[in-house]
Amino acid sequence: MENVYITIVLAPLIGAIVAGFFGGRIGRRGAHSVTIGGVAVAAVLSLWVLSRFIWGDAAVFNDAVYTWMVSDGIRFEVGFLVDKLTAVMMATVSFVSLMVHIYTIGYMADDEHNWPHGALSGKNSYQRFFSYISLFTFSMLMLVMSNNFMQLFFGWEAVGLVSYLLIGFWSTRESAIFANLKAFLVNRVGDFGFILGIAAVGMYFGSMDYAEVFAAAPEHADTQVQVFGGVSLMTLICILLFIGAMGKSAQVPLHVWLPDSMEGPTPISALIHAATMVTAGVFMVARMSPLYELSETALSFVLIIGATTAFFMGLIGLVQNDIKRVVAYSTLSQLGYMVTALGASAYAAGIFHLMTHAFFKALLFLAAGSVIIAMHHKQDIRDMGGLWRRMPLTWVTALLGSLALIGFPGFSGFFSKDAIIEAVGASHVAGSGYASLLLTAGVFVTALYSFRMYYLVFHGRERMDEHTKHHLHESPWVVTLPLVLLAIPSVFIGWYTIEPMLVNDWWVSGDWNPIVVAHDHDTLHHLREHWEGQAAFVHHGLGALPFVLAATGLTLATIIWWLFHKWNPRIDEQLQALGGPVTRILQDKYGFDDFNQRVFAGGSRSLGRVLWTTGDRAVIDGAIVNGSARSVGRMAQRFRHLQTGYLYHYAIAMIVGLVGLLTLFVTL
Amino acid sequence: MNELPLLTLTIWLPIIGGLVVLASGDKEKELSKWTALAFAILTFVVSLGLWIGFDSSTAEMQFVERAAWIPSFNVEYYLGVDGISMPLIVLTTFITIFVVIAGWEVITYKPTQYLAAFLIMEGVMVGVFSALDAVLFYVFWEAMLIPMFIIIGVWGGPNRVYATIKFFLYTFFGSVFMLIALIYMYFQSGSFSILDFHTLELGMKAQTLIFIAFLLAFAVKVPMFPVHTWLPDAHVEAPTGGSVILAAIMLKIGGYGFLRFSLPITPDASASLDWLIIALSLIAIVYIGFVALVQQDMKKLIAYSSIAHMGFVTLGFFIVFTIVMNPNVSGGSVMGIEGGMVQMISHGFISGALFLCVGVLYDRVHSREIADYGGVINTMPWFGAFMVYFAMANAGLPGTSGFVGEFMVILATFRADFWWAVLAATTLVLAAAFTLWMVKRVVFGEVKNDKVAALGDLNLRERINLGVLAAAVLALGLWPAPLMNVMHATVENLVEQVRVCKLPAAERGDCVLPVSERVALSLNQE
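In order, the protein sequence lines correspond to chains F and Z. Under full-length UniProt numbering, the first residue of the first sequence carries the number 1, and numbering increases by one thereafter. Under full-length UniProt numbering, the first residue of the second sequence carries the number 1, and numbering increases by one thereafter.
Please keep in mind that the hints were generated in silico from the structure rather than gathered at the bench.
DSS-like cross-link-like pairs, simulated, lysine-lysine; straight-line CA separation at most 30 Å:
no. : chain 1 : residue 1 : chain 2 : residue 2
1   : F       : Lys123    : Z       : Lys448
2   : F       : Lys566    : F       : Lys469
3   : F       : Lys469    : F       : Lys378
4   : F       : Lys378    : F       : Lys589
5   : F       : Lys378    : Z       : Lys448
6   : F       : Lys123    : Z       : Lys451
7   : Z       : Lys110    : Z       : Lys451
8   : Z       : Lys29     : Z       : Lys110
9   : F       : Lys123    : F       : Lys378
The shape of chain F in the complex, shown without the other chains (with noise of 0.2 Å):
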């Protein structure tokens, strides 16, 4: 198996390497050929490898290809553990890569009139493009398939890089290159807890080897380690480790990153910034189940900051007027979501709403960038409407998928969420009323945006400029074919996977389970002893609160944007206008950003600049080397009258030296 995995890793790696450096040789075409065919050979092989774990009898694979370095005794290694957690990821995310990279021949086919006229690094833009998503889905592979910390990091930072390089494609855009330093920046702030949080388990396990780790980790369940006085270990490590996915799946207060990434061209807003980099957090929480398990400190703090995120990113995207804005707080929102479930426990939950969502969003966002083509590169709402007669194809698969996201009930949006609605109401750590209160209201926020964009764009009058509407038509069928190839797991996959993902033991495999739960923390057990099936799960949850919510959200959107909107084409300013302070303070996105530039990237500059100056330049240079220089050069000036020429000051000099040595000597 171990060739089958290394292939897996190995084909995107191929395609990248090929069409960045080879690109102007092979052409386009040669680029997005080699690339496609990389990522589909990792994507079969992926559906493979699950299947085999699904209907075979595929054993869990955990060893090393190479040894990075010895030290200290500590092995760093590279090296795959692929068990059906990693299964459902590597799947998720090559078929997702796949579905991107087939979508970009569509989105990117003009790219090179995107850039100023004669810009070298305009040419061959195309391919370096697939060069960049192929080399993304090899560092995600890499990712979710490492079995140790280290190789995990490398994936993390990898991801990161092409995050940034993605982000700044369109490098002569100042807000692209803005928002690309600023996410890897607060990307390493993340990090930085992340790093520390592996020195950690370094420190005390000796070992990065998660299976050696999970397994001396009980022991240490009660280890206490001094930092502002005692804490335990497991606390220390577990909100360490998660500080990087707060980084990683933009979480508050870290999740400034995400919005501004969407200057990057759609594709990969679709790709890294929905389905798959920003999860890594959520999968690397789960993965390292056996350790959050052991902390219920850090379990809370994570359910609080999930929940946190979830509610009131959700609102920032009703006053979001970019198309892609609004898709990019609903991913905030929805990871909030994800995060929230890993607090209580429900590791199953968060990974399979990951699942779900990778499709769902994925979906919406290409759709999204289905219409931004159409629109000739505009993102403005306010300025679309009608293109359900256009954009047929469009309009269906958006419409589905943002059914999927409120949660409709039979959509796998609606298993995902409900389960971990249900979930958090039954934890009991810290924090976990104020989670599911969030949670439950987030359902509403979440129905209402969505509904309103989704109206804002397809329905209504026709608001763009009549060139524009004149060249409206349905995109090529290499972006749409994608949509319909997402648009069908967004609807059904929820109802094929709830039973193994969430009630069967499924992923346990021989004597391995990589999601450990703690017996008190099972707060998906009453949704496991109660289960009668899927139609049962929908009916149930037709007459609970969340239904209600999601149906009076979509209720209201329906009658505000489309019905309103008809006869008053201003009432979004207007009841924007209506909000008054909170509106704006949703406009200010809470004045993070504004906190941000001037605390943080004002302050360390101006930090800079004062320990330079008086530092390194008055003190150190001015005061101390210079000024001893100048010292030497006084002291000199008046040594300098000592040597006056006349015999008799020096026959002086002598004899008070000589009875001064004299003295010495006879004393001692």
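Chain F is fixed; fit chain Z onto it per the hints.
Chain Z only, in chain F's frame:
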């Protein structure tokens, strides 16, 4: 050893080469250049023999050459390498090739003398790394200043006189104290052999004074805060090749000195004063990180970045004592030193490459100011790719060599103290901030002015230069094991040596470190 005297060859081949090039003069420029390149490559090939023939299972000195030099003072021509010095020698011969290539057509004023200076410099630096006799070491150590002084002073920028004087006085100031310490130890041991110094019994007071004397010498070279201010000035004024040698090799000599002298000769003083080094290292990482952020001059920025990165080296070396003394932790001390070593090698590649990158721009536009650039990638895509790559390596991206050393040192530091590790880990944010912010302003964006619009991309010579360094950075990042294996035995032996209490029997009660039974015994027998 038996066959070829490889170390002597590696030292004297480039020096002779330098003299040959010097003698040939500027008349046959092309021929002299090719001669210089041939000598540089030949030296590198010879030094590869050291790597290939190296026995990594032992901590003993290898390729030893020993002959009397000044018998009346027991001074010897005594050379040898172990797992610490051998990689540094190969780094030196490797980097010199790129310096020769980089100066190829850029230096128009007395080009042969320029190349000769670098070849001689190379031989002298290899001498520093391989000398096992204190006087020989000291001679090479001081001799190193002369070519560098000339390189900056002759081919430097407008403010070169201030920079050279500052550089010379700063470093000379430190080394004088080292000389006194070396002479003191000669009187104690009757020998100038550095290995004899390692087994010398020294009282706490003597150790402390020796430690401080060494510290003054090495801290200036590294350079450590607060004796670092000569470096930005020297870099700014130095020609590209000078900057590369300065950053890639000369700074490493300070780090090497700590491992060869301070730790094994004065372990007790080091243990009681380690807090000082650790504090200075952490200041270097954090304070200098902020200072680097606001630099307007690319070379200054990279110079400050070097100081911050070298902070990891000294941190890794001196974290050992806290770990050894911490009863809760087993192991970890080796990782700090090995991490510092890897950091030195890696920093040699990365800072060298970054200075070459700045050189590429400077050769075309004659400015180092960040503000004079913008959107360079639009006219120089190859250059942009390399610059982003090396910037990422400088920010410690995993998969590049920049990650390995920092990762190991952070892991080791965590074993010593949580908060130290927190401070050290700030480099993840700071290094990324100052490096990538520079990249944003220089490489990305719209073409800023006519000069940038007129830029031509890298030529073949520059592409080879940067390409080979890029490959080295990647190779070390993806598979550091070969380098680590070379130094394991030596570093483990060093840690063992550091645990020995060197205090005379009367002061044994004051031993800071636990005297490990076996080692203390062996010391007594001597």
